[in-house]
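Once you've looked at the hints, dock chain B against the given chain A.
Chains A and B supply the protein sequences, listed in that same order. Using the working numbering, read the first sequence as starting at 1 and increasing by one per residue. Using the working numbering, read the second sequence as starting at 1 and increasing by one per residue.
Treat each hint with caution, since some may be false.
The list that follows gives simulated cross-link-like pairs (lysine to aspartate or glutamate, EDC-like), each with its CA atoms no further than 16 Å apart [unchecked claim]:
id, chain 1, residue 1, chain 2, residue 2
1, A, Lys257, B, Asp297
2, B, Lys139, A, Asp22
3, B, Lys139, A, Glu226
4, B, Lys182, A, Glu165
5, B, Lys317, B, Asp224
6, B, Lys306, A, Asp241
7, B, Lys18, A, Glu161
8, B, Lys17, A, Glu162
9, B, Lys306, A, Asp244
10, A, Lys238, B, Asp297
11, B, Lys286, A, Glu242
12, B, Lys286, B, Asp303
13, A, Lys238, B, Asp287
14, B, Lys317, A, Asp244
15, B, Lys319, A, Glu251
16, A, Lys238, B, Glu289
17, B, Lys317, A, Glu251
18, B, Lys286, A, Asp244
19, B, Lys139, A, Asp23
20, B, Lys17, A, Glu161
21, A, Lys198, A, Glu56
22, A, Lys73, A, Glu37
23, A, Lys238, B, Asp303
24, A, Lys238, B, Glu294
25, B, Lys139, B, Asp124
26, B, Lys279, A, Glu256
27, B, Lys279, B, Asp297
28, B, Lys306, A, Glu242
29, B, Lys286, A, Asp241
Looking from chain A toward chain B, a few residues come up when the C-beta cut is under 8 Å (computed) [to be verified]:
id, residue
30, Thr121
31, Val138
32, Ala169
33, Lys229
34, Val239
35, Asp241
36, Gly245
Please keep in mind that the hints were generated in silico from the structure rather than gathered at the bench. Where a beta carbon is used, it is the ideal one built from N, C-alpha and C, also for glycine.
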Amino acid sequence: MNIVVLVKQVPDSGADRNLRSDDNTVDRGSANNVINEMDEYAIEEALKIKEAHGGEVTILTMGPDGATESIRKALSMGPDKAVHVVDDALHGSCAVTTSKVLAAALGTLGADLVICGAESTDGRVQVMPHMIAERLGVAALTGARKLTVEGGTLTIERQTEEGYEVVTASTPAVVSVWDTINEPRYPSFKGIMAAKKKPVQTLSLGDLGVAPAEVGFDGATSAVVEHSKRPPRSGGAKVTDEGDGGVKLVEFLATEKFV
Amino acid sequence: MSEVLVVVEATREFGVKKVTLEMLTLARELGTPSAVVLGGSGAAEALRARLGEYGAEKIYAAEGEEIDGYLVAPKAGILADLVRRVQPAAVLLAGSQEGKEIAARLAVKLDNGILTDVVALDADGTATQIAFAGSTIVKSRVTRGLPLVTLRPNSVNPEPAAADPAVEQLAVAVADTDKLAKVVNRVAEQKGSRPELTEASVVVSGGRGVGNADNFKLVEELADLLGGAVGASRAAVDSGFYPHQFQVGQTGKTVSPQLYVALGISGAIQHRAGMQTSKTIVAVNKDAEAPIFELADFGVVGDLFKVVPQAAEEIRKRK
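With the rest of the complex left out, here is chain A:
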């Protein structure tokens, strides 16, 4: 099975993250840039499917030059190769235009299965799998906590508020996964060394037949007008329990009218 995993490089969610003051895009200089955590689960799932059914795993990333670092990290887990869509004109792209570029890139790869994380830790928008599926005219099985592959039939358990749904589709399809689906492997030393030699193909907008005016700030369908930091919370009263901590807690809740 020909599997493509979408990998996004994001600012570390454990660091202080910012938007840039000049053009309102994500500030890639203010925090370490890492693989979106959820994507590691997507890579793991792809590798498991390859191990069980054979095939090839390709990483697909759209991002600036610096994303190469995350691509190598992804490859060190075991995928065969990577494709990096990189073009200065992409800077400032919105989700709708990003999906156009990724769909165009996927069109050149002929994937049976596209796997991605259910959301990225920077935008947390959750729209990309369905946007891409809509453009490619293929099924989207999203929010999977379990994925089963039987021939060309895919079945997922999709977590919902009430429980879960069992959803099925035929390949080709896009599947998005939550972090409950597996436990991603750590790259081995051998894997890290091997990743350095794995092929990484770069594609420009020209290669994909997408006009620069369709993407970036020019093609964006939404715009950030302004942004500001929320004032940080400050801690209030803190008491040490001396046998009446529970009562004091309820007294506070009562003054706030919760009890």
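Just chain B, lined up with the frame of chain A:
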């Protein structure tokens, strides 16, 4: 005034979800609210009274197995046709997994911008979003098409405004390309009568300090006394104390209740990302240096197995 489409989110068990009432309240500021019910047969009639109570002037309904039996795509297809026909001033969807997914497909079908995690929307289309784990406030606009917005639950105070909506049944003709992901089973997992996590006014969460799955009874007991939902930190979920769908944090649910109670939760950034926009935060933790106390409006440094039962007893006394 132009119509504002509100895509209804409801559950079989509890009916119209609170976020839908929030959207109807918001829609009244922007134009004339029309509710859109996309679901199983008879869904619109069952929800009609409640939607009217919160100001829906009209209800569009698309119902049946063709809608309900497939994942998301048929709903987006019906909605795209409706948007083209009525040219609404805005389209509002719930900021849930499904709401965001329908909006995603709609955005591509209409080549229209999309704004998610919106907490306020002005009449001129400027949206307020909360980004980066509650640390950043963003004002943004759709620059191509109409405002297509998913509303984060607990952003608007729902206010009733009686209306008597008529139901208009829409033709249900679902394209084959929208029927590729078939829902073959829906399995309910035990949840009880507690409010839904992202919608609850009160959330009581437990962390690693709760110690084991059995001890979560304590968290549940306090949640029930306060009429709240139960949440859990990633550490608690990873340790198998509580199911994943209740995880609050960067890789779980984002909640913004009136009251958030953190029990045995240290307050790692992963957790804070999911709860720091809560209105009031209280915490119980035995470690006086735990970062959760930097956020808490009231904190008790102590053993939660002593503090929580005492608090529960005190609440019972006062009732």
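Results for each hint:
no., hint, in the structure
1, A:Lys257 / B:Asp297, "holds, 14 Å"
2, B:Lys139 / A:Asp22, "holds, 15 Å"
3, B:Lys139 / A:Glu226, "holds, 5 Å"
4, B:Lys182 / A:Glu165, "holds, 10 Å"
5, B:Lys317 / B:Asp224, "holds, 15 Å"
6, B:Lys306 / A:Asp241, "holds, 9 Å"
7, B:Lys18 / A:Glu161, "holds, 14 Å"
8, B:Lys17 / A:Glu162, "holds, 13 Å"
9, B:Lys306 / A:Asp244, "holds, 9 Å"
10, A:Lys238 / B:Asp297, "holds, 8 Å"
11, B:Lys286 / A:Glu242, "holds, 12 Å"
12, B:Lys286 / B:Asp303, "holds, 5 Å"
13, A:Lys238 / B:Asp287, "holds, 12 Å"
14, B:Lys317 / A:Asp244, "holds, 15 Å"
15, B:Lys319 / A:Glu251, "holds, 13 Å"
16, A:Lys238 / B:Glu289, "holds, 11 Å"
17, B:Lys317 / A:Glu251, "holds, 12 Å"
18, B:Lys286 / A:Asp244, "holds, 14 Å"
19, B:Lys139 / A:Asp23, "holds, 13 Å"
20, B:Lys17 / A:Glu161, "holds, 12 Å"
21, A:Lys198 / A:Glu56, "holds, 13 Å"
22, A:Lys73 / A:Glu37, "holds, 12 Å"
23, A:Lys238 / B:Asp303, "holds, 14 Å"
24, A:Lys238 / B:Glu294, "holds, 10 Å"
25, B:Lys139 / B:Asp124, "holds, 12 Å"
26, B:Lys279 / A:Glu256, "holds, 11 Å"
27, B:Lys279 / B:Asp297, "holds, 9 Å"
28, B:Lys306 / A:Glu242, "holds, 10 Å"
29, B:Lys286 / A:Asp241, "holds, 9 Å"
30, Thr121, "holds, 6 Å"
31, Val138, "holds, 7 Å"
32, Ala169, "holds, 5 Å"
33, Lys229, "holds, 6 Å"
34, Val239, "holds, 6 Å"
35, Asp241, "holds, 3 Å"
36, Gly245, "holds, 4 Å"
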